[in-house]
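Quick note, the sequences are listed as chains X, H and C, same order. Taking this note's numbering, the leading residue of the first sequence gets 1, the next gets one more, and so forth. Taking this note's numbering, the leading residue of the second sequence gets 1, the next gets one more, and so forth. Taking this note's numbering, the leading residue of the third sequence gets 1, the next gets one more, and so forth.
The reader is advised that the hints may include incorrect statements.
Stated by the list, open to error - The calculated DSS-like cross-link candidates involving lysine-lysine, where the alpha carbons are at most 30 Å apart (straight line), are:
id, chain 1, residue 1, chain 2, residue 2
1, X, LYS71, X, LYS336
2, X, LYS89, C, LYS58
3, H, LYS137, X, LYS282
4, X, LYS71, C, LYS49
5, C, LYS129, X, LYS341
6, X, LYS334, X, LYS350
7, X, LYS92, X, LYS153
8, H, LYS52, X, LYS429
To be clear, the hints were calculated from the coordinates, so they are not data collected in a lab.
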Amino acid sequence: MRRYRSRAFVSAMLTAMLVLAGCSGGTNSSPAGDGQSGGQTGNPGSSAGGGAEQVTLSMHSWRVEDAEGYKKIIQAFEAENPGIKIDFKPFKATEYNTILNTALQSDSGPDILQLRPYAPGISLAEAGHLEPLDQLPGIENFSKDVLAASTGKDGKVYGVPLSLNSTQIYYNKKLFEQNGLSEPKSWDELINTAKTLKDKGVVPFAFGAKEGWLLSLSHGVIAPGTYNGNAFVGKILNGEADFTSPEFVKSIQRMQELVPYFPENFVGLDLNDTRTMFFTEKAAMFINGSFELEGLQKMNPDLPLDFFPMPTDDGKTVLTTWVDGSYAVNAKSKHKAEALKFLEFMASKKFGELFANEFKRISAIPGVTTSDPLVNKMAELSASSSTPYLMVVHFAEGNPTTKQTLENALQGMYLNKLTPEQVSQEVQKSAASWFPTFKK
Amino acid sequence: MGVPEREHVQPKRKSKARWLLHLFPLPAFILYTLFVVYPILSAFTYSMYEWKGIARGAFVGLQNFLTLFQVEPFNKLFWNAFGHNVIYFLVEMVVQNGIAFILAFLIYRKIRGAGFLKIAYFMPRLLSVIVVGFLWKLILNPNYGALNTFLAKLGLEEWAKPWLGDPDTALLAIILVNCWFGIGFAVLIFLAGLQSIPEELIEAARLDGAKGITMLGRIILPLMMPSITIMTIFTFIQAFEAFELVYAMQGSMGEPFHSTDTLAVYFYRLAFSGSGGAGDVSIGLGSALAVVLFFIVASVSAFSLRVMRKREIQH
Amino acid sequence: MRAGIGRRSLQYLFAYLFVLVALYPIVLMVSSSVKTNAEIFTSPLALPKTFSLDTYRKLWEVVPFADFLMNSVVVSVTSVLLITVTSAMAAFYLARFSYRWTGLLYFFFLLGLMIPIKLGIVPLFLLMKKLGLLNSLWSLILIYTASGIPISVFILTGFFRTLPVELEEAARIDGCNHFQVFWRVLLPLIRPALGTVVIINFIHAWNDFFFPLIFIQDEALKTIPVGMMVLFGEYETDWSLLFAGLTLSALPMIAVFLIASRQFMEGLTAGAVK
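Could you build all of it, start to finish, from the sequences and the hints given here?
Right, here's the structure in full:
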């Protein structure tokens, strides 16, 4: 038997011993598995009710970082509705779609789910997975623009909007003051500001190109300054202009013009890296969303933080906004009545105030103010001088989506593989493949 | 269980035992068919349907396959990803398996501390891919990462790079991490192959005057061909199904600029949509890609297995 | 084959250089976990100046690590057990008897080596739902068992084939039936191959994050890798905490391997005496 000894390289693993010992009792293993299946017929979240009046609703979200805050909000609801318990389960944003889609496709899934805004979320309604909410008390308080994020092609509303997102340029007040700078009022001033900072040895923009979504997000801030906001958006939507129009090409060129003011190795930096650069005060500006505010303040409570909206070429300012995820009810939920009750709560002003103060976000519910001056400033600006985040609101369709196409092409531009003109051509090509107005 | 019972029927062994014999493969067969074969076959049928989001539509035959290979950008993305899988395979063969062979050979030639070496090389394989991806992302971080810091300490600042952000290095970086991860397993497979060579044969060859390269090329390599073939097949399958590490390090877009996209990542994106929520789900196209991927892997591995078994019979 | 001293030391250099390559990132992971965040940024390579287990204490507070650990153990051990027994039985049949269908059956199992099982996730989810196994550790055990069978059958069948037939014939003449031949004679002989099967499958079941992500929703039923994913999402910038999480999730597997590998060395020497 010496010949086989050599193969013994893992022979005496302790685990092997465990297994061998275990074998003696378990030759017939599959019935054990089947037997167990009989004992585990409980459906995960939705059927915990049983005979009692107590109903437990499962609620899925992609905001892992909000778990603590939701707990407080849910407590407020449960106090008023003793018969209903909410089981809030957040998943990592990047895996959320996979988990949700798999569950919905097999007719299970949570009772209440957070819905991606605009096209991606609406596609769930089209597949028949969502309950229409037109009759929900409180839904009438939202404006049509806000509801658009969760309105299907059939005209029905499928989600209660949660918050407005805005994107802007955050800046470090102290670093600006130390270098004698103030909020720029035009593109040229912005470039000069960046130049001054760079000369003084401060990184002007905490910016990274590793994560595509941050590129379209940053473009969403820069571009409306170039094409002066809403007028151009209207032209795109009715076909008078397209993505090869000079205004749009110029917006891409400006993204390139900023390169000298990005940190070293910016093509390899992700959100984590750039956020760290900004809150550790190594960089002076940070182009990002309202959803970063709470985190920034938490990471460095002493950060002298402010933001400015994008100056436009016609001398105004503009804040890019869109509606963030709304909440919807699963059409296959066993506890629809209770789930709708919770959504009714989410459409109330009380919820809006709890939400805005807890998360430092702009509530989608009209008239809600918070204790945070920056959030209030965002809310005011989004009411007075906002423009839609074009790629999310209108161009998140196609396969790959036009938004993804822009992200990928911008990444290509930063890697010197594409020119700004080529970027806009790619974007146009993608949009022309599905956008009705461009499709001839 | 049941053993004593069967002992009682020993006299009738011939007829009874023959029937019982067919029960041996049954548990494995049932579990494997139910939880592997059946789901995959159902997934394959999905490729023949039109899908609207996640709702199944009409039967469309081979339309999804045609789209995958004829319509831009799907065809471009397919060949782009396919090329990366090929690179993945080649680099792993050369770097991972090449180094592993040398290391296995050194251990075989009675290097001191062989036991420790085997454990040490195998150690990375014990980590979850999630952990490996995350750990290396931190090590390769352009500004705070250990690798660039290390290069700077050596005075090689100009060598420092945003490894995972530069399309010229990102794919290679991921593959090398994969080599780091898989080298220990390859060492063990090769070592088993080496140790299975009967010592008499080596001794006989030595008496005939073979040494060094001749010994290696004429005697050792041919005799350990089975383990080399197996390792090649494993590497091939692994390279063409490369997903988890790419996903853990670069996300589902194969960033930057699709320079790290692989077929399995592309599948994931088509079938489950990209990161951050944007993107249409296309289960039809995704399933079509899955079918193609399966046939690539299955045909190549089945072919090599056949060749190997023929060769084994010859011995 | 007398190697010169120079060549010999070159060989040692090469072999031990790779020890460094293999172990350094792991050492870095462990050492960073006891550093403070500031220390990780300023001197990522240096050994920790201060030794503090505070991050571990914090980690223990923010995630139910003991639950994760228990779940991982239950899932891995049970599926490895099932894989080993079922595959060994199937491999015995495939290697020792040749009916018209054995070749086909073997190929059928081998196909599984080439199936990326993730492609079937949606039908698999439906199946688990029908069986009422969603949000149950059994869903993981069954999928790991089923997907581990092909490679195990492959390895074990190959190994059974190398065993001389004479042994069984002798046993049969002694009056053993097929089952007894399998259990008493062959199984002990294929122990080395069983070890391989056990280790490969154990590592796979222990480290997989994809299936628990989809099948398990209860926090209390999560396995270590998924639990850690949540941690990565929630504490993105607390590097020290993340390194502690990474270390803690790798530690049990490393410990098992180290204990087992000592056993393995003893096994080798014991075999040599025989």
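Hints, verified against the model:
1. X:LYS71 with X:LYS336: holds (21 Å)
2. X:LYS89 with C:LYS58: Status holds; Cα separation ~22 Å.
3. H:LYS137 with X:LYS282: holds (22 Å)
4. X:LYS71 with C:LYS49: violated (39 Å)
5. C:LYS129 with X:LYS341: Cα-Cα ~28 Å, so holds.
6. X:LYS334 with X:LYS350: Cα-Cα ~27 Å, so holds.
7. X:LYS92 with X:LYS153: holds (29 Å)
8. H:LYS52 with X:LYS429: Roughly 22 Å separates the two Cα atoms, so the pair holds.
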